[in-house]
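Please build the complex by placing chain P on the supplied structure of chain V, with the hints as guidance.
Residue numbers (my numbering), protein chains in the order written: chain V, 1 to 380; chain P, 1 to 264.
No lab work stands behind these hints: they were computed from the structure.
Heads up, some of the hints might be wrong.
The calculated lysine-lysine pairs, modelled on DSBU-like cross-linking and capped at a C-alpha distance of 30 Å, are [unchecked claim]:
| hint | chain 1 | residue 1 | chain 2 | residue 2 |
| --- | --- | --- | --- | --- |
| 1 | V | Lys268 | P | Lys239 |
| 2 | V | Lys20 | P | Lys17 |
| 3 | V | Lys43 | P | Lys200 |
| 4 | P | Lys239 | V | Lys265 |
| 5 | V | Lys43 | P | Lys261 |
| 6 | P | Lys239 | V | Lys20 |
| 7 | V | Lys20 | P | Lys237 |
| 8 | V | Lys268 | P | Lys261 |
| 9 | P | Lys49 | V | Lys56 |
| 10 | V | Lys310 | V | Lys178 |
| 11 | P | Lys17 | V | Lys268 |
| 12 | P | Lys170 | V | Lys43 |
| 13 | P | Lys200 | V | Lys310 |
| 14 | V | Lys56 | P | Lys200 |
| 15 | P | Lys237 | V | Lys265 |
| 16 | V | Lys56 | P | Lys181 |
| 17 | V | Lys310 | V | Lys375 |
On a predicted model such as this, the values are computed, not experimentally measured, just so you know.
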Amino acid sequence: MILSPKYQLIQKLARDFAEKEIPESMQEEIDQTGKYPESLYRKITDNGFFGIKIPKEYGGQGGDNLAYVLFVEQISRVSMVTSIYISGANSLGSGPLLNAATPEQLEKYLRPVAEGKKFPAFALTEPGAGSDAAGLQSSAVRDGDYYVLNGRKTFITGAPIADFAIIYAKTDFSKGAKGISAFIVDMDTPGISLGRNEKKMGIIGMPTSDIILEDVRVHKDSLLGEEGMGFINAMKTLDVGRLGVAATALGVAQACLEEAIDFAKNRKQFGQRIADFQAISFMIAQMATQIQACRELLYNSAVLKDTNAKDAGMHCSMAKLFVTETACRIAHDALQIHGGYGYIKDYRIERLYRDIRVNTLFEGTSQVQQIVISKELLKK
Amino acid sequence: MKIIVCAKQVPDTNEVKIDPVKGTLIRDGVPSILNPDDANALEAALTMKDSYPGTTVSVISMGPPQASIMLYECLAMGADQAYLLSSPAFGGADTCATSTTIAAGIRKLGGFDIIFAGRQAIDGDTAQVGPQVAQRLGIPVVTYVSKVRELGDGYIIVERQLEDGYEVIKVKTPCMLTAVKELNEPRYMNVGRIIDACEKKESVTVWNENDIGLRPESCGLKASPTQVLRSFTPAPKGKGEMLTGTVTEMSSALVQKLREKHVL
Numbered sequence: 001m002i003l004s005p006k007y008q009l010i011q012k013l014a015r016d017f018a019e020k021e022i023p024e025s026m027q028e029e030i031d032q033t034g035k036y037p038e039s040l041y042r043k044i045t046d047n048g049f050f051g052i053k054i055p056k057e058y059g060g061q062g063g064d065n066l067a068y069v070l071f072v073e074q075i076s077r078v079s080m081v082t083s084i085y086i087s088g089a090n091s092l093g094s095g096p097l098l099n100a101a102t103p104e105q106l107e108k109y110l111r112p113v114a115e116g117k118k119f120p121a122f123a124l125t126e127p128g129a130g131s132d133a134a135g136l137q138s139s140a141v142r143d144g145d146y147y148v149l150n151g152r153k154t155f156i157t158g159a160p161i162a163d164f165a166i167i168y169a170k171t172d173f174s175k176g177a178k179g180i181s182a183f184i185v186d187m188d189t190p191g192i193s194l195g196r197n198e199k200k201m202g203i204i205g206m207p208t209s210d211i212i213l214e215d216v217r218v219h220k221d222s223l224l225g226e227e228g229m230g231f232i233n234a235m236k237t238l239d240v241g242r243l244g245v246a247a248t249a250l251g252v253a254q255a256c257l258e259e260a261i262d263f264a265k266n267r268k269q270f271g272q273r274i275a276d277f278q279a280i281s282f283m284i285a286q287m288a289t290q291i292q293a294c295r296e297l298l299y300n301s302a303v304l305k306d307t308n309a310k311d312a313g314m315h316c317s318m319a320k321l322f323v324t325e326t327a328c329r330i331a332h333d334a335l336q337i338h339g340g341y342g343y344i345k346d347y348r349i350e351r352l353y354r355d356i357r358v359n360t361l362f363e364g365t366s367q368v369q370q371i372v373i374s375k376e377l378l379k380k
Numbered sequence: 001m002k003i004i005v006c007a008k009q010v011p012d013t014n015e016v017k018i019d020p021v022k023g024t025l026i027r028d029g030v031p032s033i034l035n036p037d038d039a040n041a042l043e044a045a046l047t048m049k050d051s052y053p054g055t056t057v058s059v060i061s062m063g064p065p066q067a068s069i070m071l072y073e074c075l076a077m078g079a080d081q082a083y084l085l086s087s088p089a090f091g092g093a094d095t096c097a098t099s100t101t102i103a104a105g106i107r108k109l110g111g112f113d114i115i116f117a118g119r120q121a122i123d124g125d126t127a128q129v130g131p132q133v134a135q136r137l138g139i140p141v142v143t144y145v146s147k148v149r150e151l152g153d154g155y156i157i158v159e160r161q162l163e164d165g166y167e168v169i170k171v172k173t174p175c176m177l178t179a180v181k182e183l184n185e186p187r188y189m190n191v192g193r194i195i196d197a198c199e200k201k202e203s204v205t206v207w208n209e210n211d212i213g214l215r216p217e218s219c220g221l222k223a224s225p226t227q228v229l230r231s232f233t234p235a236p237k238g239k240g241e242m243l244t245g246t247v248t249e250m251s252s253a254l255v256q257k258l259r260e261k262h263v264l
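One chain only, chain V, in its complex shape (with noise of 0.2 Å):
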């Protein structure tokens, strides 16, 4: 896709930040200690960069799906883990307050969102609800103006630095999916704790962990959107949400890409370089291809989404299957390309295989992505 000067900046804002900002001895940091330096925080948040998307009335910067996906790619090309601090502000953390808050709502949250000063974590999985997300369990029981939530979300992102959560519960359990409501929950709020913080593969430096409830009593006011619109709630979410999957996974695998290439072109082996023997350079060209492709598709999912297209949805979940599934092959021949040294840490590649797998994992596993798909093209 050729892009305007708009989006060019935008990628080039973004290539720059990381590039200048994270180091590789800042990341092999976060991957070996599993802290995310502060002063990195900071300058995320002093930026905007938790905003990118968040409209400019609630103090976010107005970006659109494009631009967003862009910058989204260019940092996880050099930090994954970076990315996903960033998405979980942007995409899931203010899509469910942007589909259905009230105006107070909007201030309350999102504002402090889009400035960096509350980080929101996005808890619709249960240890029983995955990919069948509306079997949840969660329970919310009307008592006079509030409502007492019961039940235990798990692998939740950014669970232990958020400072409030969307809560999914069920408020008819007779009603299956159209019982599901959501409420906006402040983490110190009485009756949550937290589960222990998930010993991960890769994306080290983002806390994960289950978020327990309690008998934990929320002002009918924390309802976010009607009673019973919970899950279109987070379908509609989800939905945005996959292109920056796409996005984080695209930018791995050109990371993944660039390692492969400057590996190859240094390693000699039977007296030349090995990115002379043709069976590693026809990998690489493979490697590019794709990626190319993986981009295109990507991008135009993001437009058919900035023109609310009609099947823009479906688009999403094509853009997140075929970039995810590709990129984690992609990252895979990087690291055969790498040969042994590919599985020792002191090589990039190694964390970058870890880091990778995960995008066609959350957000919607393949399969569900393939139900997705499948669904529009087979409805009546």
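This is chain P only, laid out in the frame that chain V set:
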């Protein structure tokens, strides 16, 4: 306060190669960027704007129409206005003709307190345009500004970088200051400002020779006495290494290094 910043779009010299036969720059397919020293000049202006409410920062550049993306970048960093002097008549200008044109553009902009320019552009490395513009406008110039110490009523005190130290210079305003990279750390663009700059119609004002009151023969190639005989890349200078420690430690390290190089 009114500040003007002179900026230039240049090929990213990290990516530029020189045609070994013709000795000219191969610019095809090379990304264009805001000249790095000019980013420092803009940052200096924006820092003043942050401290002195009511300050306006206007960026002016001469270049082809596609240079407007560099001016969008300046607006996205925080500049208030951007002006592009662009016309086929300006083509082929050397520093002499360029400074005539830029000075005419600045005159058209009206009064100012300070003009910031970068020390030099990375494509030509002349460091002449800033001082020449100052000469044409009849204002004092301080080159190689590495620090702004004090901004007073009708004057500014700056540090001027020298090879082995610096000068402290008090200069009357209005004046021209040329910035070196040590002056500051340029800020990032802002996503919202990028969108504003690019979506607002005519956020970059484009002027040709008629707009700034120049005759075609006073600008561009026709008004350029300089002829470039040859362009070349200077041989890279080795990076110096600073020794640290006590005098004894440093001198023994030095002796060891000289021995390694078989100098001793």
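Structure-based check of each hint:
1. With a C-alpha separation of about 28 Å, the suggested pair Lys268 of chain V and Lys239 of chain P falls inside the 30 Å cut-off, and the hint holds.
2. Between Lys20 of chain V and Lys17 of chain P, the direct Cα distance comes to roughly 24 Å. Compliance with the 30 Å bound is thereby established for this hinted pair.
3. For the hint linking Lys43 of chain V to Lys200 of chain P, the alpha-carbon distance of about 28 Å falls within 30 Å, and the restraint holds.
4. For a cut-off of 30 Å, the pair hint linking Lys239 of chain P to Lys265 of chain V stands: about 25 Å separates their Cα positions.
5. For a cut-off of 30 Å, the pair hint linking Lys43 of chain V to Lys261 of chain P is broken: about 44 Å separates their Cα positions.
6. For the hint pairing Lys239 of chain P with Lys20 of chain V, the CA-to-CA distance comes to about 21 Å; that is within 30 Å, so the pair holds.
7. With a C-alpha separation of about 24 Å, the suggested pairing of Lys20 of chain V with Lys237 of chain P holds against the 30 Å cut-off.
8. Of the supplied pair hints, the one linking Lys268 of chain V and Lys261 of chain P holds, its CA atoms being roughly 29 Å apart against a limit of 30 Å.
9. Taking the CA atoms of Lys49 of chain P and Lys56 of chain V, the gap is about 23 Å. The hint holds against a cut of 30 Å.
10. Between Lys310 of chain V and Lys178 of chain V the CA atoms are separated by roughly 23 Å; this keeps the pair inside 30 Å, and the hint holds.
11. Restraint check: the Cα-Cα separation between Lys17 of chain P and Lys268 of chain V comes to about 27 Å, which is no more than 30 Å; the hinted pair holds.
12. In summary, the hint linking Lys170 of chain P to Lys43 of chain V is not supported, as the alpha carbons are separated by about 35 Å, beyond the 30 Å threshold.
13. Straight-line distance between C-alpha atoms of Lys200 of chain P and Lys310 of chain V comes to about 29 Å, which keeps the hinted pair within the 30 Å bound.
14. Of the supplied pair hints, the one linking Lys56 of chain V and Lys200 of chain P holds, its CA atoms being roughly 15 Å apart against a limit of 30 Å.
15. A distance of roughly 26 Å separates the Cα atoms of Lys237 of chain P and Lys265 of chain V; the hinted pair therefore holds under the 30 Å criterion.
16. Proximity of Lys56 of chain V to Lys181 of chain P is assessed by CA-CA distance (about 33 Å); at most 30 Å being required, the pair is judged violated.
17. A hinted pair counts as satisfied when its Cα atoms are at most 30 Å apart, and Lys310 of chain V with Lys375 of chain V qualifies at roughly 15 Å.
In this structure, the hints that do not hold are numbers 5, 12, 16, in rising order.
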